[in-house]
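Q: Protein sequence lines, in the order shown, are assigned to chains A and B.
For the first sequence, position 135 (counting from the first letter as 1) is numbered 135 according to the working numbering, and the numbering increases by one without interruption.
Take any residue in the second sequence, count from 1 to its spot, add 1000: that is its number in the working numbering.
One should not assume that every hint holds.
As the list claims (entries may be wrong) - Cβ-to-Cβ under 8 Å is the rule here; a few derived chain A residues that face chain B:
1) G159
2) L163
3) E164
4) R170
5) R172
6) G173
7) E183
To be verified - Far from chain B by the CB rule (all over 12 Å, computed), these chain A residues:
8) L23
9) V64
10) L113
11) S155
12) P242
Rather than coming from a laboratory, the hints here were simulated on the basis of the structure.
Where is the CB? At the ideal position from N, CA and C, for every residue including glycine.
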Amino acid sequence: MRILGHKLSVTAQIGLAIIAVNLIVAVFAPLVAPYDQTTILGDAWADPDIHHWLGLDNLGRDIVSRLIYGARMSIGLALVITALSFCIGIITGFAAAVTGGWVDQALSRLVDLLLSMPTLIFAFVILSVLGSGLPVLIVTIAVLDSTKVFRLARSVAVGIVSLEFVEAARLRGEGWWWIITREILPNAIAPLTAEFGLRFCFTFLFIAALSFLGLGVQPPDADWGSMVKDYRDMINFGSAAPLYPAAAIAILTIGVNFVVDWMLSMHSRGQGEGA
Amino acid sequence: MTSEIAGTPIVLDIRAMRVAVRTDAGDGPVLVNDVSLELRRGEVIGLIGESGAGKSTIGLASMGYTRRNCFIVGGQIVFAGTDLRAIDAEGRRALRGLKLAYIAQSAAASFNPAMTLMDQVCEAPVRHKVMTRADAEAAAVHLFRELDLPNPETIGSRYPHQVSGGQLQRVMAAMAMVGKPEVIVFDEPTTALDVTTQVECLAAFRKLIRVHGAAALYITHDLAVVAQIADRIMVLRHGKMVEFGEARQILQEPREEYTQRLVRERTEGHAFIDAKSAGALPVLAVESVVADYVGKPKVIDGVSLEIFRGDTLAVVGESGSGKSTLARVVTGLLPRVAGDVRFNGASLPPRLSNRTRDQLRRIQMIYQMPDVALNPQQTVLDVIGRPVSFYFKRSRKEVRERVLELLRHMDLPEHFIERKTSELSGGQKQRVSIARALAAEPDLIICDEVTSALDQLVGEEILRLLKRLQDELGVAYMFITHDLGAVKRVANKVVVMLRGQMVASGDTASVFAPPYHPYTELLLSSVPEMRPDWLDEVLARRRAKAAA
């Protein structure tokens, strides 16, 4: 199997398969899920049977259905947040690299300021003050995350800006928007894509952590992090219920990382020996 | 081959070697095809050819090494009785760095900046457990002295960035020699150096090879350099041997047509100085300009020059002389501190951002490295078409027609218009760069070392193209270069720069004729000539001068 003229490694194929299954399930959740995520179907913690493969949860809802709807919420949210943080991070990072001088200084120091505070605690404060609605959650995590994207985008762009074709564009009198979008972005896309995969995982886990702590996705909507939180006590009674959402998080993270590793190896060059 | 070498034993015997690219996608091109050579103790064989000729591949393969995805697919490499292909990677590693040594082109990129020179010079013999650290250090100091490095006892405690490029290249030679190798591979060791530094390094290398009686493969693209050092010369092209013979025979009576062309380009040089000044007002007038980088001493100090329509003015100097900075001041990338830059009579704003679009259009630039001067993600249409649409606001169809016209002008096929620039060869990229500059219809083109990254014959064609364009369009060139051969051929005016100041200027004929400025003379005398005795003569003359 090949993508973009590069051979896919076995792990990359596994990773892509995992991502594909997750995406299909997330997109077609209402069609795939046997029940609605909020419908109470029986007793709390009912054992698995032929209708409810993984049993029922603390309120008597179908765990399989909640996992499927949770995929939609968790993956969708992580995608939106990562995309937003990349838009912010790339534009500001590239702008800092291209303009240099005080713009670069101001942006870089602002980012240093944000980076100096523990992300989780910072997010905690903001979400407690502004309430944990979805828009607030999205913007908060995206802004906090964009600081890391800024760092990468700036350092990649600084390398490209020093190349002569960018100088040629400057001498022509091009504005910074042209330089960012036409000269730098196409040449920075490889490391940024790899970073996107990585950041997606982190965001995903971050949302899970916030939900686990009760500040993320609010009930009754299902998401994998809050499901782990809701089910965690059952581990004391020998129930596997909290392991299902935890495993879902783990598997998707591994899948994405397989693909990211492959992309990174594609762009790194090494020395070899063949006699 | 002198008779004394003819009798010595063969240390490296390469028989019918083939090196080819093998990737997951299947078999790639053959890089080295059926090359054989016998290297005797004390002998230096020069490998010469243009890029892609397989010189470096042969150099590495003679140590049993290939680059990623390349494989030695045929033949034998016999070193001291063992075929390097027959032993395993461990066995080869035991020989490399000790019995087989390699000196790379760019010493600056080959040293670890975080370790002292001594640590790196001693690393191989200590790691291979053939010397104690103290013995290795003593040997290194001895070599430093032989290589005429300053302060041989203490230079080893410095870091790579604390010595000059020429010194670093010689330290690398010491690193190669410290394990007392039997074969040394020199891979273009002086190409990245200034001409005056090159002479010192060449003399040091030659002394080293003679004193230690080692055998060497000397890889270069410059026939005049190899003439000074090699006993025999092998001319390569497209991975195949073109001609192999005694150095004198290759240089003086080349048999093959390709060798004859190489020799001819180097010896004769087609003088096409007929650039003529035209018009009463200079296109560009630089008036006692001073420039510096913040907090640093002046990089250029009091430089003045005038370029008229149809002129080719060469700015000559070594690295660090400020010649590229001068170009940055003219283009406005580096604002001048004092003085004036007038363009067609009107003073140009010092800063790029304050210049009008028309002012920007009239000065264009062509760069040294075509690989980084063109955005690898853009097509030829994007690259050449952008100045047309940017400055002249043409429709897409008109832009395309103009680009096709320019491609024809550059002798490039029209179907290149859809190609990405990364798919072109070096010479083709440089033609696209020229087309991009011309698309703006400029009055002045600044050429920053435009041929130095290209092969000799390709560079020659680029110079000829530039000349033809000047004849047709009357554009003026400011030609920044360290290649004095090219200067004599293309420029009608010349400015010689040393440490940011002009030391000589005027018509090419008068600057390059006696009485010279001492620095001009040093530069001129450092350009290698095709005679094998040239280096001895230069060194003898300098010694005589130093004594007097």
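Q: Evaluate each hint against the coordinates.
A: Going down the list of hints, with the structure as the test:
Restraint check, G159(A) versus chain B: the minimum CB separation of about 11 Å is more than 8 Å; hint violated. Among the interface hints, the one on L163(A) holds; its C-beta lies about 5 Å from the nearest C-beta in chain B, closer than the 8 Å criterion. The restraint placing E164(A) at the interface with chain B holds, with a minimum CB-CB distance near 4 Å, inside the 8 Å limit. Against a cut-off of 8 Å between C-beta atoms, the interface hint on R170(A) holds, since the closest Cβ of chain B lies about 7 Å away.
For R172(A), the interface hint holds, since its Cβ comes within 8 Å of a Cβ in chain B; the closest pair sits about 6 Å apart. Given the 8 Å rule on beta carbons, the hint for G173(A) holds: about 4 Å separates it from the nearest Cβ of chain B. Evaluation of the E183(A) hint against chain B yields a held restraint, the C-beta minimum of about 6 Å falling below 8 Å. Every CB of chain B lies more than 12 Å from the CB of L23(A), the least distance being 28 Å, so the non-interface label holds.
For V64(A), the requirement that its beta carbon stay farther than 12 Å from each beta carbon of chain B is met, with the minimum near 41 Å. Separation of L113(A) from chain B is adequate, the least Cβ-Cβ distance of about 26 Å exceeding the 12 Å criterion. At roughly 18 Å from the closest C-beta of chain B, the C-beta of S155(A) stays outside 12 Å, upholding its exclusion from the interface. Listed as a non-interface residue, P242(A) keeps its Cβ farther than 12 Å from every Cβ of chain B; the least gap is roughly 43 Å.
When the structure is compared with the earlier hints, a violation turns up for hint 1 alone.
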